[in-house]
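**Q** So the chains spell out like this:
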Amino acid sequence: MTVYKTEKKVQRLSPFRGGLNANRAAWLFIAPAFFFYGAFVLLPMAMSAYYSLLNWDGIGAASFVGLTNYITVVTDDDLLQIIANAFRLILYFTVLPVIVGLAVASVIRNQMSGRFGTVTRTVLFIPQVIPLVAAGIVWSWMYDSNGVINQLLGFIGLENWTRGWLGDFTYALPAVGLIGTWVLLGLCMLLLVTGISRIDASLYEAAKMDGANAWHEFRHITLPGLRQEIGVCVTVTIIQALSSFDIVYVATSGGPGIETMVPGLEIYRLAFAHREVGLASALGVVLMLLVLLIVIPVQWFTREKQ
Amino acid sequence: MTQIFQRAWVGKGLILLLMALTLLPFLSLFTAALAPGGTYPSGIAWPEAPQWNNFVRAFEVADIGRMMVSSLIIVLGVVPLAVVIASMAGFALAKLVPTGRKWLYLVFVLGLTLPFESIITPLYYEIRALGLLNTRFAIILPLLGLYMPFSVYWMRAHFINVPQDLSEAAQLDGAGYWREFWYVQIPLARSSIMSLSILLFLWTWNQFLLPIVLVQDPAKRTMAGALGAFQGQWGTDVPLLSAGSLIIMAPTIIIFLIFQRQFVAALLQGAVKG
Amino acid sequence: MIKISPKTLPLVLTLSATAMANQATAAMDCGSEPLTLNAYFETGFPLPTQLAEEFSRQYPNVSFDIRQDQFANLMENTPRLLSQDNAPDLIRLPSISDLVANGLLKNLDPYFEEFGWDSFPESQLVQTRAHESGRPRGVGSLYALGLNYSTTGVYYNTELAESLGMDTPPQTLEELDNLLARAKEAGIQPIQQWNKGTGGLNFPLQNLMGSYSDPEAINAWIFQQEGATINTPENLEAANHLQEWIEAGYFSRDVNSVDYFNMMSRFIGGNGLVMFNGDWESANLQEQMGDNVGFFLMPPLNAGDAYATMSSPLTFGIAENAANADCAAYFLNWVATNETARQINVEVGGSNPGGPANLQLPEVDADSLISTTLAASQTIAEDNGAMDFIANATGAIFSAAWTPELQRMVGGVQDAEGLLSTVQEEYENQLSR
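Protein chains in written order, with our numbering: chain R, 1 to 306; chain L, 307 to 580; chain E, 581 to 1013.
There's no promise every hint is true.
Stated by the list, open to error - Computed spacing ranges between beta-carbons, pair by pair:
#1 E:SER699 / L:PRO342: 45 to 55 angstroms
#2 R:GLY66 / E:ASP698: 47 to 57 angstroms
#3 E:ASN964 / R:GLY66: 21 to 31 angstroms
#4 R:GLY66 / L:THR441: 28 to 38 angstroms
#5 E:ASP665 / R:ARG227: 48 to 58 angstroms
#6 E:GLU824 / R:ARG227: 18 to 28 angstroms
Source of the hints: derived by calculation from the structure; they are not laboratory data. Since the model is a prediction, treat every value here as computed from it, not as a measurement. The beta carbon of each residue, even a glycine, is placed where N, CA and C say it ideally should be.
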């Protein structure tokens, strides 16, 4: 039979016979993954570091300029604002989903089973499965001068509040940020709801016996019990906030002014439209380090008491 | 008792509100898609004469058939290979204990938080030097690399929890590492592999940055990249853009609805482990 | 492993250039073999596509593979696209200086010889000439050609204008100011403009510059002549004037979130007294608004002074390593000289088709909007008032400076002085690289 044949073939072709040194076998097993990782991640990382020391337009000759590009990144007002914008997005990508998620989770403890739970999960996950570009397009339309937001404001008699949200200096960044909230809320909420259902129900019973109010319950049982889930939400969403690209690209392309410009999009524009490959690479390296610098303490803090 | 009852209703009310907020933008896009082509509709308003034809027109101009085939080719080029080589590496890191394992693992994990934008510039020049710009390989090869940190991490986390005596039993049986891997370990890893495949499928299908930089022809892009091009070309016609966006989103949403249990589980686990 | 350095790139370019040279010995036309021109056009403007269709009708062996993108994306993608292997044969170019400097555009001098473009008025070609180092522009070899030659000015809604008592177009800037003020008072949106994606307030700004200062000085800046600056006292007056318009609420409140097409649909829908735009919209506006639309040139400061406005070629170029350069050049020549093409050009494009000086302008209806805009282009030619677009001074000046700074001005966080000095700083910064 075929099974027999294949087995025989595999055995013949396999370099890993019983006696093979485990160490060498391990390296052979790792080699393919490491090849792709090396060729398309590690090598570009090294190239990025190298480019970041050049003044190069991507076409002509390059000249070595040392750390000049990094000095530009940390002193140029526009670039600093762009980096600050990414941090401001954390409020909408991370803080809001976690707070709303916590609120909902502590109210509906154990309500997510059955058909209602399935429908809820499905609906709240739709923003997670569509491309971020699509989220950007959908929301550009919501925020449009003719869009639903202004329509609703007009409907309840607040015409004075209507505006072109994505072109407004005060509201463009929050508006872009709330697209992120919309995308990430479902994920955070369900993580927290799942987490809370794992907390021993007797803890809540005991607290009730002691006459604890809802806040005490939340503060002393729910919050500590969800430490790890919160850590996960925070980590995942911070990475999304700092490295955002797709949503901004379609919704505002960074405008008005540079109110919603983020490092990811600026790298793209510097490298390919403005042809400052060196500066783009330096910003890329800085972005990579910033993400690590923020995420590592979060991980450490939320896993500490495990 | 009444307190619990009330609480349940408050909770359900909140959830229903959030669900409405999740769906509202799609509803708005849907009514806009039915407005007469070239007009400028309002947020949510049922048009007097719904132009169902817009969907037909968008279907034709977006060339959705070719887009789906292209996305599918890219997914097939990425996901199976990524899963196999990540499983091999995860297995080796968990069970075969090579020298320098800690160091190697650290190098892989380092890539977990890497923003793709940080290396998109050198990737462009690398892919160009390989002569692969404007081919699907320009998306497939980098993704194979970019997915390794998460995939290796994910598969290692699975294999590290497999009892050691299973390996020993297999070895006593005279199986080499290769056979042990294929015939003993892989079948046991089915659920981890399934979840990983779902995640990689979604991330590939929705990948935007690589296609817009590395592939000009929308017909050779992923779904998200093609949507970007569609917006560039038809963004001037709101009803057509809305209809096209909905059509382009539809396959993902349909696949999601069919496999929603697996998707939700994979995404939740993916977040926890990532 | 793969090794990449900036040094490999010139090699690639040289190789493809050699391949091209071998091809150039053949006749400069489209031959008879089936051939596909790889084209990259701007979204929302039907003219190039319609010309392509007519060309395929006349030369059935030629088909077009057309990709379209919005202007902002076009600006970002152009350098990258032109430096790749399958670079477009035919591409809409926002600005040529940097592209010429990097050797990305085909030098069209051989085609100038072959097709006898010396019969074109030299004034048509001057804007697409550049020194081989990219600057200054306006001299040296030819690197692109206009599909047509557009003129910009002020469209107005005739019904609204009549209701405000305007019987003849304003003759001075002051008269225009009065008209806008009356509109504001009457609750009519005075100006409908766009400022999202790209900075559409550039149009009124440069028109105001045309009223206040000498177009030559502005062209010197656009053509990157030594020591040129945009930050002159006259331009500052113009920028101040624009700021006053903003502060007076002449632009719509949400102008920063209005894109070009949004503006068009609003103006067509009767929302807005005037709109600063180009003659490429004449045909479209007439079709949509009938007799309800008119056009005038931006009036000068004093009655009887010379008119000046942005007027530039609809620039199309050929990539240095294009596969079908000869056929693309043949197409450009055909657009300028073929009778049907010129007819389409005027009817759809609305602008002067240019071409050999001895060719007649195609006939247009004397009462039409197109005939008004064509007449305006004659006035500009007579007054020597043509300026290229200040947005085209360098490849990145529009997206890096004009657009964000004009959006800031609308947002109330930038003033006229700051606008011009920031733009000048960015300009010098870009030229120094």
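**Q** Against this structure, judge whether each hint is valid.
**A** Hint check results:
1. E:SER699 / L:PRO342: 45 to 55 angstroms: holds (47 angstroms)
2. R:GLY66 / E:ASP698: 47 to 57 angstroms: holds (50 angstroms)
3. E:ASN964 / R:GLY66: 21 to 31 angstroms: violated (49 angstroms)
4. R:GLY66 / L:THR441: 28 to 38 angstroms: holds (37 angstroms)
5. E:ASP665 / R:ARG227: 48 to 58 angstroms: Taking Cβ atoms as reference, E:ASP665 and R:ARG227 lie about 53 angstroms apart, which means the hint holds.
6. E:GLU824 / R:ARG227: 18 to 28 angstroms: violated (58 angstroms)
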